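These protein sequences, in sequence, are chains A and B. Residue 1 is where the first sequence starts when you use our numbering, and the numbers rise one by one after that. Residue 1 is where the second sequence starts when you use our numbering, and the numbers rise one by one after that.
Heads up, a few of these hints could be off.
[What the hints assert, rightly or not] To give an idea of the interface, some chain B residues facing chain A are shown, with a C-beta separation under 8 Å as derived from the structure:
no., residue
1, Phe-93
2, Arg-94
3, Gly-95
4, Ser-96
5, Met-100
6, Phe-102
7, Thr-107
8, Ser-108
9, Leu-109
10, Asn-110
11, Pro-111
12, Thr-112
13, Glu-121
14, His-126
Note that these hints are calculated values from the structure, not bench results. It should be emphasised that the depicted structure is a prediction, and the values quoted were computed from it without experimental measurement. We treat Cβ as the ideally placed atom computed from N, Cα and C, and that holds for glycine.
Letter by letter, the chains look like this.
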Amino acid sequence: MWRYTLTRLLQGIITIWFIATATFLAMHAVPGNPLAGDKAMTAEIQANLEAKYGLDKPVSQQYLIYMGNLMRGDLGISYTQKNREVNDIIREHFPVSATLGIIAIIFAALGGVLFGALTALYRNKWPDTVIMLMVIVGISVPSFVIAAFAQLALVRINGALGFSLLPVAGWGTVAHMIVPSLVLGLGTMAYLTRLMRSSMLEIVNSDYIRTANAKGLPATRIFTHHQLRNAILPVVTVLGPAIAAITTGGFVVELVFAIPGLGRYFVQAVQQLDYTVIMGTTVFFGAFLVLMVIAVDLLYGWIDPRVRLN
Amino acid sequence: MTGPHEKPLLDVNDLAVEFDTYGGTVKAVRGVSFSVEAGKTLAIVGESGCGKSVTVQALMGLVPMPPGRLTAGTAKLRGHDILRTTQIDGRDFRGSEIGMIFQDPMTSLNPTMTIGRQIAETLEVHLGWSRKQSFARAIELLELARIPEAEQRARQYPFEFSGGMLQRAMIAMAIACEPAILIADEPTTALDVTIQAQLLDLMADMQARNGTAIILITHDLGVVARMADKVAVMYAGQVVEMGSVDDIFYRSAHPYTVGLRAAMPSNDSSARHRLLPIEGSPPDLFAPPSGCAYAARCPHAMRICTEVEPPAFQTGPGHYGRCWLHHEGVAGAAETLRGMQPALRTEPGDAAGPNREEKA
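Can you make the complete structure from the sequences, with help from the hints?
Next comes the structure, spelled out in structure tokens:
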């Protein structure tokens, strides 16, 4: 198990290196540079600035310098913001994004497993129909549309009640977190529900459930000990990509709900070609995702013994 | 054969199962009756689709309903009707009174639970034992099932076992609560022949140890000859012949049994023996024929065979055949049946017989 974990971590580091390199190359392939703003600059000033930031050096050398800094954990200073270290930006805003994302993932995973199991147990009866209808909505309507409708609904509800049941936007208290994370997790939850449902239905007809019945086990025990664990396997498999979807999808939801997360800086930096912030946030998000996927793999190994040996 | 004063352990009477499908209603089991005595083995033989598996699954409440439907019958286990219920006196009889093993051991065990736990949970549920106590017993049971290093093996998962070992673990699981009856639904079909012999020996051992009755479902007459005391031959959802193993192999009372025997290979090289297939195919169970289901394939079919379903004629003590040839009005029927018996086997008393040692 330790060997497996170590191998996966090593693979993760290689993946992160690849992400960093690819981002670096893609970024430099975009025409222009962070100093080519709207301010008029003489060629001399520009050259001086470029020399200061090392932008006059060959790309290969810039790459080596960047990698060296990265390995020391130094993501550099923002080109466009006054005296802001990229590390500070991440330290300040990532916890907000992470909180939102983690709540959304928990909500999506628990909801998906629960609703999926319910639809399978009540196959073709009304709970199945109702939930599957919601699932179609959850999968087909993008999160920013649902976010807008959720805000509208909140405004109406708060208005009708005469006091603020839940805040419409902003960040700070637990009450602020509920609606955005629900909105953010909804699409993934819908997807997981469908997966869980088909997985459950397949397992209900499997040979080992028949064996469990032939052993005279009570239905509740068969559900908890034999169906659930096996049915969850495919759900756990897609949790890694689901976390990716939720963290990237988070940018939009953060914007709509005016949440001070990392997403805003990420998008802004790309627009302004703020090299260090783009690199910093991308590598950081990349590393975070790789870690999450590894965690999911380890979790998978814990649930399914067949995975552990390989 | 037990005397009439002794009640059989399990008495199945006139069992009928149907399945509703898009194509119509399939009459999979049509009035099957048999009984099982303690410590004895009943083999149910027949080709694929004859209803032998559905019969036992109906007893165990494993027929999915819908689409399945029990339309008639009773099954009395020590006097309690176990059809349409899974309980006797509020307790599930499955696993405790009747154990069951299945055809494919590779898929019949939960892939994410250790073998030991899967055996132990039966004990926990039925006997209320603790986890620890049950697990210790599971290791003993694996030892009984001749699994080497049972202690380590109990902590392993099904994917770490071979097919033969899995089936032995299945047997250990099925007999964990020392049930009165063990149902084995084609237990050796998915395994190779050498493993097959080991498993049959193991089942026979367990039977001798616990006095368990076995219902063995198979389409292999070699397995029947080796294991069975009593045989029920099924065809198109009915028991067409029922008798002791000697009745079935030496005094077949139904042309279908004769056909099965003629289609069975012999390892006697001196007899120049061709395997004779039964021509044709089984009837459509969406609309079973009104007469004898075998009439269309039977070389001796008479006019009445296609018109009226034959009743079960008694041809000896405990030996029944559903064939009009046994009707007293049919002249020369006994000779016809005797003439049909394949030459590959002789009477057990005949010392000159080529297969004398076969059953020894």
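| query | Against chain A, is Pro-111 (chain B) within 8 Å by beta-carbon distance? | reply | holds (7 Å)
| said: Next item in the hint list is Met-100 (chain B). Is there a CB on chain A closer than 8 Å to its CB? | reply: At 4 Å from the nearest chain A Cβ, Met-100 (chain B) passes the 8 Å test, so the hint holds.
| task | Verify the interface restraint on Thr-107 (chain B): the C-beta must sit less than 8 Å from at least one C-beta of chain A. | result | Hint on Thr-107 (chain B): holds, closest Cβ of chain A at ~4 Å, below 8 Å.
| field | Given hint Phe-93 (chain B) near chain A, where the shortest CB pair must fall under 8 Å | value | Interface hint status for Phe-93 (chain B): holds (7 Å vs cutoff 8 Å).
| task | Against chain A, run the beta carbon of Asn-110 (chain B) and see if the smallest gap drops under 8 Å. | result | Result: holds, 5 Å to nearest chain A Cβ.
| query | Holds or violated: Ser-96 (chain B) as interface residue toward chain A, Cβ cutoff 8 Å? | reply | holds (6 Å)
| Given hint Ser-108 (chain B) near chain A, where the shortest CB pair must fall under 8 Å | holds (4 Å)
| Status of the hint placing Arg-94 (chain B) at chain A (closest C-beta pair under 8 Å) | Holds. Min distance 4 Å.
| Taking the closest Cβ pair, is Phe-102 (chain B) under 8 Å from chain A? | Holds: closest Cβ of chain A sits about 6 Å from Phe-102 (chain B), inside 8 Å.
| task | For the hint on Gly-95 (chain B), just tell me whether its beta-carbon gets within less than 8 Å of chain A. | result | holds (3 Å)
| query | Measuring from the C-beta of Leu-109 (chain B) to each C-beta in chain A, is the shortest one below 8 Å? | reply | holds (6 Å)
| said: Next item in the hint list is His-126 (chain B). Is there a CB on chain A closer than 8 Å to its CB? | reply: holds (7 Å)
Comparing the model with each numbered hint stated earlier shows that all of them hold.
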